[in-house]
Amino acid sequence: MTVLILTSPEDVTADLVVAALHDRGTPVVRLDPADLPGEVSMSAEYVRGDVRGYLSVQERMVSMDSVRSIWIRRPGTPGAGAAEQSEWLTAEAGAALYGALRCVRARWMNHPAAAAQARYKPWQLFTAHHSGFAVPATLITTFPQAAREFAEQHPQLVVKSVSGTHPGDPPMALPTTLVAPDADFSAVAAGPTLLQQYIPKAADIRLTCVGTGLFAARKKSGPGQVDGRFNSPEDADWEPVEPPVRIARSVREYMAAAGLAYGAFDFAEDTDGTWWFLECNQGGQFGFVELATGQPITAAIADWLAGGQDSRTPHGEP
Amino acid sequence: MRPFALIHARPATPETFVAPYTYDSALQLNVLPDGRPVITDRALLLATAATVSTAGSKTHFDD
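Quick note, the sequences are listed as chains A and B, same order. So for the first sequence, the UniProt record's numbering puts the first residue at 1; every next one is plus one. So for the second sequence, the UniProt record's numbering puts the first residue at 1; every next one is plus one.
These aren't lab readings, by the way, just hints derived from the structure by calculation. All C-beta atoms, glycine included, are put in the ideal place defined by N, C-alpha and C. Misleading hints may appear alongside valid ones.
Stated by the list, open to error - Covered, in the sense of this in silico footprint (three residues per stretch, anywhere, with C-beta under 8 Å from a C-beta of chain A), are these stretches of chain B:
1. 2-12
2. 18-29
3. 34-43
Claimed, not checked - Facing chain B, a subset of chain A residues (Cβ under 8 Å, in silico):
4. ASP23
5. ARG24
6. VAL135
7. PRO136
8. LEU139
9. ILE140
10. ALA187
11. ALA189
12. ALA190
13. THR193
As the list claims (entries may be wrong) - Label-pair restraints from in silico Cβ distances:
14. A:ARG60 - B:THR22: 51 to 61 Å
15. A:GLU45 - B:MET1: 13 to 23 Å
16. B:MET1 - A:ARG60: 34 to 44 Å
17. A:GLU39 - B:ARG36: 37 to 47 Å
18. A:GLU45 - B:PRO33: 17 to 27 Å
19. B:THR13 - A:ASP237: 18 to 28 Å
20. B:SER25 - A:GLN85: 34 to 44 Å
21. A:SER86 - B:THR13: 25 to 35 Å
22. A:CYS103 - B:PRO33: 37 to 47 Å
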């Protein structure tokens with residue numbers, strides 16, 4: 001049984017897991033959907049109520065019947081590497097590949113449907129609240145007056161992207177940023193704006209959940225630091241930390257509600273020690289935490305992908 | 001009118017470090033010019049920033 005990894009060739013974080021699977025003697029096929037068609041080929045046939053097929057990349061071929069698990073780790077856009085790219089080809093390649101793979105009786109990390117839902121920040125906040133986390137007051141609005149009233153209730157606010165994307169033309173970064181006390185909110189009308197109560201931080205917490213395994217790490221916040229992600233790697237002084245029992249319970253409730261097998265949770269630890277939920281990134285990076293803390297996240301992912309044959313389900317529930 | 005969030009954006013930091021590795025399809029791993037897998041070089045992993053939390057923001061919306 002084979003582990004199928006969908007990722008871009010240059011992703012060295014995927015390398016960590018590929019090597020761990022090699023060490024376990026688990027067959028791996030790694031491919032980038034960007035290379036379909038081209039270096040990646042596929043065939044899927046509907047036969048009497050079943051879909052059977054093959055995927056090939058370079059010299060490797062794998063029967064979809066023999067796929068044990070599928071790890072979606074930052075894959076390229078289907079068709080993006082084709083000689084003649086087009087939106088139509090991307091749609092066709094994506095529908096063919098992911099459509100066929102959805103018929104495979106393999107477990108996913110994470111299933112595309114669960115991943116798509118889990119990317120929505122409003123849904124994250126809603127689910128986090130119902131999972132028992134402390135969640136900062138948040139407003140997403142295009143009404144300037146609503147923003148002004150929210151600012152009156154919460155004098156210290158941050159603004160962040162709703163989608164998590166950064167502007168691309170020209171390339172810009174949009175870190176979570178403190179809003180000035182005298183801010184003019186009229187520009188809120190020009191685009192949905194996410195405003196959130198600022199939590200003065202004692203530390204950033206990154207909690208990586210792999211299956212049922214939890215790996216929490218803590219990084220003390222510098223003076224006035226708002227978005228710790230934009231520090232240089234040299235400043236990333238992460239240390240392992242044991243998550244409080246209540247947090248661990250809430251993480252598992254959240255993962256179950258989201259149907260996720262993998263999630264990277266970000267918390268702000270306030271001066272009272274409360275962990276405030278900021279977001280859960282279903283595809284969040286783990287390399288920097290593992291490098292800093294030595295926590296065996298790669299091994300946990302490899303074990304999850306290589307194991308669990310008996311628990312495979314058609315829809316990839318964890 | 002410029003959206004409120006974009007008023008708070010700042011220029012992205014251009015990448016100045018060119019990673020000295022290539023993908024080896026036989027190994028399914030990235031390798032250094034001397035053939036060693038990149039993952040054996042911890043300092044390089046940190047230097048490429050490919051493993052940090054904002055790496056995905058450049059090409060994906062996950063980080």
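These are the hints, each one checked on the structure:
1. Counting residues of the stretch 2-12 of chain B whose CB lies closer than 8 Å to any CB of chain A gives 11, which reaches the minimum of 3, so the coverage claim holds.
2. Restraint check on the stretch 18-29 of chain B versus chain A: 7 residues with Cβ-Cβ distances below 8 Å, three needed, restraint holds.
3. With 4 residues carrying a beta carbon less than 8 Å from a beta carbon of chain A, the stretch 34-43 of chain B meets the three-residue requirement, and the given coverage holds.
4. The beta carbon of A:ASP23 comes no nearer than 12 Å to any beta carbon in chain B, farther than 8 Å, and the hint placing it at the interface is violated.
5. Interface restraint check for A:ARG24: the shortest CB-CB distance to chain B comes to about 14 Å, outside 8 Å, so the restraint is violated.
6. Given hint, A:VAL135 at the interface with chain B, is violated; its Cβ is 20 Å from that chain's nearest Cβ, farther than 8 Å.
7. The beta carbon of A:PRO136 is not positioned within 8 Å of any beta carbon in chain B (closest approach about 17 Å), and the interface hint is therefore violated.
8. For the restraint placing A:LEU139 at the interface with chain B, the shortest Cβ-Cβ distance is roughly 12 Å, beyond the 8 Å limit, so the hint is violated.
9. Annotation: A:ILE140 was flagged as interfacial toward chain B, and the flag is violated, the nearest CB pair being 11 Å apart, outside 8 Å.
10. Checking A:ALA187 against chain B: minimum C-beta separation of about 4 Å stays under 8 Å; hint holds.
11. With its C-beta approaching chain B no nearer than about 7 Å, A:ALA189 sits inside the 8 Å limit, and its interface hint holds.
12. Checking A:ALA190 against chain B by beta carbon gives a least distance of about 4 Å; that is within 8 Å, so the hint holds.
13. Because the beta carbon of A:THR193 sits about 5 Å from the nearest beta carbon in chain B, less than 8 Å, this interface hint is met.
14. Between A:ARG60 and B:THR22 the C-beta distance comes to about 18 Å, which lies outside the given range of 51 to 61 Å.
15. At roughly 53 Å, the beta carbons of A:GLU45 and B:MET1 sit outside the given window of 13 to 23 Å.
16. With their beta carbons about 52 Å apart, B:MET1 and A:ARG60 fall outside the hinted range of 34 to 44 Å.
17. A beta carbon spacing of about 24 Å between A:GLU39 and B:ARG36 contradicts the range 37 to 47 Å that was offered as a hint.
18. For the pair A:GLU45 and B:PRO33, the beta carbons lie near 43 Å from each other, so the given range of 17 to 27 Å is not met.
19. Between B:THR13 and A:ASP237, the C-beta spacing of about 21 Å keeps the proposed range 18 to 28 Å intact.
20. Between B:SER25 and A:GLN85, the C-beta spacing of about 22 Å breaks the proposed range 34 to 44 Å.
21. Separation of A:SER86 from B:THR13 is about 32 Å and conforms to the stated range, judged on CB atoms against 25 to 35 Å.
22. For A:CYS103 paired with B:PRO33, a C-beta distance near 42 Å keeps the hint of 37 to 47 Å intact.
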